[in-house]
Amino acid sequence: RSAPEQGLGHSGSGSTLLGYIGIDTIIEQMRKKTMKAGFDFNIMIVGHSGLGKSTLVNTLFKSQVSRWSSGWGGEHKIPKTVEIKAVSHVIEEGGVKMKLTVIDTPGFGDQINNENCWDPISKYINEQYEKFLKEEVNIARKKRIPDTRVHCCLYFISPTGHSLRQLDIEFMKHLSRVVNIIPVIAKSDTMTPDEKNEFKHRVRKELETHGIEYYPQNEFDDDMEDKNENDKIREAMPFAVVGSDKEFQVNGKRVLGRKTAWGVVEVENPNHCEFALLRDFLIRSHLQDLKEVTHNIHYETYRARRLNDNGELSFQNTSYVSLSSAHRPKPPTLTSQLHLGLTFDPAI
Amino acid sequence: LSVVTCPDSWEEHAFMFGFCLQQEKLLEGYVGFANLPNQVYRKSVKRGFEFTLMVVGESGLGKSTLINSLFLTDLYSPEYPGPSHRIKKTVQVEQSKVLVKEGGVQLLLTIVDTPGFGDAVDNSNCWQPVIDHIDSKFEDYLNSESRVNRRQMPDNRVHCCLYFIAPSGHGLKPLDIEFMKRLHEKVNIIPLIAKADTMTPEECQQFKKQIMREITEHKIQIYEFPETNDEEENKMVKKIKDRLPLAVVGSNTIIVVNEKRVRGRQYPWGVAEVENGEHCDFTILRNMLIRTHMQDLKDVTNNVHYENYRSRKLAAVTYNGVDNNKNKGPMTKSPLAQMEEERREHVTKMEKMEMEMEQVFEMKVKEKIQKLKDSELELQRRHEQMKKNLEAQHKELEEKRRQLEDEKHNWEAQQRVLEQQKLDKIFTK
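Chains A and B supply the protein sequences, listed in that same order. Count the first sequence with full-length UniProt numbering and you get residues 1 to 348, in order. Count the second sequence with full-length UniProt numbering and you get residues 1 to 429, in order.
If we strip away everything but chain B, and leave its shape as in the complex, we get (with noise of 0.2 Å):
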């Protein structure tokens, strides 16, 4: 006899599906669902992962350093260097892939970087190109999710975007503020503080004062870390909600502490450890990025992100039939009423069109036979212009002969007489 305690979101799921459990059901025996997460944990795995991570932020801020320091591969190495060694003039949003194993499961790990963003003098519409990005993924996958064949769905979707920000240690600039208060609702942000090892601690806690205040104030919404019924993983929450926004160091140099190998970097007055939770906050960012709340990422990116994107989108086709995303229009009537008025204006415009072309055939056939009218007149005029012309010369050569005949009789009545005359002279001879 086994008696399964199923935590409360089985409760929750159970009841969506009408079931009232008001107490557990004891089962007789072992039926074996109990393995169900073994299974979804095997199919996944043989499918393996995929995470988009986003990094923006100002050249120099040590982006390609802490990505790999994150994964601990080298995504950006001297043969391949970062964005920030070359030199861009606009911003760019440029995509790199890596396939990571680890323990059997794979992810593929696709690293959006942002070259060249807050780097000029005018950094107005700076995250112009980073918007397009997201967005496009987005509808790549709202393409691919309303294909007839929809069997493969490769979810390019930006999962997570790490912003940074400079340690200055005053509060947020203006481009920091606009740059969120724009993608906050497009994408899950977690603002960083880079190059943690610049500020002391008393002013690394003022900083990070200062900026939550400054995002609270802005109303930008940074990304939740959600709450869950176990004690121990809110405690964990908590402890990370305080520490927000994370201050991190990032660094693949390994040095030797007291005789530990450590990642780090070296001071003529000491070592900053990477992984050491008294000198920065990496191993929490890396704990929560990789290991605790990755599928949170992903999900939140698609109920949420993905879901406002959807829903403004077709919201935005009107009955006009004009695509009216770039205006937002009122988003009262459902998809389907829409189409079916679409459909009607539609097929009414084709009448529309087809009575213009027939008047438009009528007319030029009318043209055109009043063309080979007036040119069937003009010919006959022309016909009788030469039949005239033809009786005139039939005349003139009848005239002619006539005095030709003429001509010919006196000739002849002539030779007569001469012949008469020499007759005449023989007969009086």
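Pulled out of the complex, with its shape left as it was, chain A reads as follows (with noise of 0.2 Å):
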């Protein structure tokens, strides 16, 4: 025997190529798939009225993608019930397509009581979760399943500067384990530097007393990398945000602000507000990694919930499978369910 070829080892351990293969295209393979294909992101919006959930979220996107508009065109009634509005848009950025869900949620905490309001909220998120898993268990399924699943959840915090509300502890304590909670300090050019890191500490600790893990949660870091990127974050966390979609003259400079009688706030400047931090988060680093958490970590806990508490699952006017026990002797682990996830090609 000769031997054995250089190359391409079965060793495991890195082996020096001897000339350029090409593997390293796939990036670019996978990167026009992505922009012909378009992606898909549903934002919830969670918070009591008045605290500027609409605005922000049209800045996010700098556009307007929120019901509520900032200029007053008609009154705004608050709703008796917490009611679901999902409004879609597509946006598109250099040749990328982007179809953002947004999911507002008005009536939320505005109640006299307001026992359950976050009922409603949980039963639509796991609604969205059973309407894909419908389609995935399907026999003829389609080859892209529309996702609908709520990916991220940013929780309005009321800046108070004193502590969260027990509204705030029972709401994310509630749903903490079904999606992904950011949570974002409202309305902060209220408070001082001073006091604002104040609260932020405080609130920080108050979560951690009553155990609720916002995104990026500390169990799913998948490496040393990730959890020292990802610890910095929630240092930082809840990012106190400011939002505006008019423009004003700084400097010289048109920013986007709010002008009261003693100077601009800027939206964008590091020193006044961490709105820029937020964006960068959710959506230049992490916005892939909400959607993959989701896929892999909620939408699986929930689908071993519903496959173990029903052996079957049964649908009306669609040819089904039957999951019953006797085909799977043991109930599917979440890792096993994890290693799925992974071969298993979502909608993007």
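Covered by chain B, according to a simulated footprint, are these stretches of chain A (three or more residues, beta-carbon under 8 Å): (1) 103 to 114; (2) 165 to 171; (3) 189 to 200; (4) 262 to 268.
Bear in mind the hints are in silico, worked out from the structure with no lab data behind them. Where a beta carbon is used, it is the ideal one built from N, C-alpha and C, also for glycine.
The two chains are supplied separately, each in an independent frame; assemble them into the complex guided by the hints.
And the structure:
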């Protein structure tokens, strides 16, 4: 036998290549495919009325994507129960199309009695998981399952300067296991820098005390690099933001901001507020990760629970696969699902 | 010769006393009653003033800071932190008293705070403790007014309620509307927009308009500034009315701006000055609350809110003698007639009770007699029985004695016979 060929060895350790093969072009291929296909992103905004949610979402995506625009078109009546309103837009940048769905929850936390006002929200999220599960389990299923699952939930905290409200804690406790929650301090131009830091510190401590895991969750860090990066982000959260869609002149530059009698609050100035941090985090670095965590972890948890509860999934009007316990001798574990998830390519 | 031009209010007073002042009477010399206000002033200053202010609003709206700013004292300080720093499970009502002195005038200021208001998940009836507190103060005053010795009448009634509205920019919350609807007839409500530095001037305008619209829509009666006949004052009042509800910012930290020391909040983009009229309405609030309308607030509390409470409370006591304060009874009878009826009713009730008691008493007596008779009979029966026993025993004893006697006789007879025999024997020998 001749000496083992250098190059593509089976030892598993990195081998040096003798020439250029072209494996790295896979990134380019994926990029082309992604650009053609476009991708979905569903973001839910929760918080009681008057916290600037719609304005912030408009500022984030630099377009009027939210239902209530900042103009005073009509009177905004507070609905009697929590409603779920989803609005979709297709926005394009650099050849990449994104179908952005903003899910608004008017009426949350506005009533006198707010018991269980998170129930409609929880129901909606689970319904989306259910829809996806049904599609997935079909015999003749679509190549690209439309993904309406909520990838990210921005929870707006009122800038009282003291601590979290009871309602905030209850909501986050109930929903941090179901969806990625990103807490955000709204209207942070209410607070001076010292108050802001103190408030953030206190909020972080309270979240820790109550065991609320907000995104990026500690347990899902893949490796040291991720962990370091995420640790830095976790230290800076919750982000204190200000939203605005009006532009003003400051030092000869046109900036987005809010003009008060004593100065202009610049939205993208890191000394004024942390909007830029939030935007970079949400869109420029962790967008894909949000979708992956939703698919690989939250959705899989839901799926495992559903399949454990009823051995069979029955559907109406579609041919179905019987997944009774007879066919599946052991209950699917989370890790096995993770592997499955990784090989199964969802609609990116 | 001094001609005293009396202001219109004096005319009204004079008219009440039956004088007809078509023209002012010219005085022939200096009488001196122009000094009256000074006397009143001196007396009041000696007595000192009292003022009770209630602050209501969710936690974190800057209530404590505003109180500290208004009265330039540290009512809530790091050693004695305001209620927001202490976690409350239910709505509490807390009072703090502070005595402030300025220019020889004493003011006993009572701040009533309501920590926990609107903070829970379920806030139904969170206004109830507040209403109870106000009513209890009214009741105390009513009781002290009805006493025989009325020299000391501390006035602890709530004179003014500052209601803090969160600066959402949209409108009133359902909780705000509910609270104000329930309290506008019990206390003077002054709605304030808290943390007004959250909003730009345009947003603030819109917000104020929206709030006033909603207040009129729900027919909430907030504190009305009284119209005066003075042109100057009227202009000021109109200015205040246009800016209702007042948007305030509170701060106790002093910052140097353009070499001036001002109270304000330091942001990276500028300094929001508390006492700058263009930044917020704090100065208007302070002037209105303390410098111009404090007495009027007290008067309205006394003449309107307190009288409402009083007539409602007294009319609710009907002739049944039952306190119908819980259900609103018809307010048709005058208190005196009601008291007369009440007295009559009371007397008849007493008589009825007396009769009933007598009946019961008689019944009990009869029972007792019956019982005694029964026991007497019983006793007699037993007595008889015992006598019988005794007699039987007696007879027995007699029987036995006769037997004994018989035996004795027999024995004696036998003895005699034996003796006779013995004698006979002797004789025959």
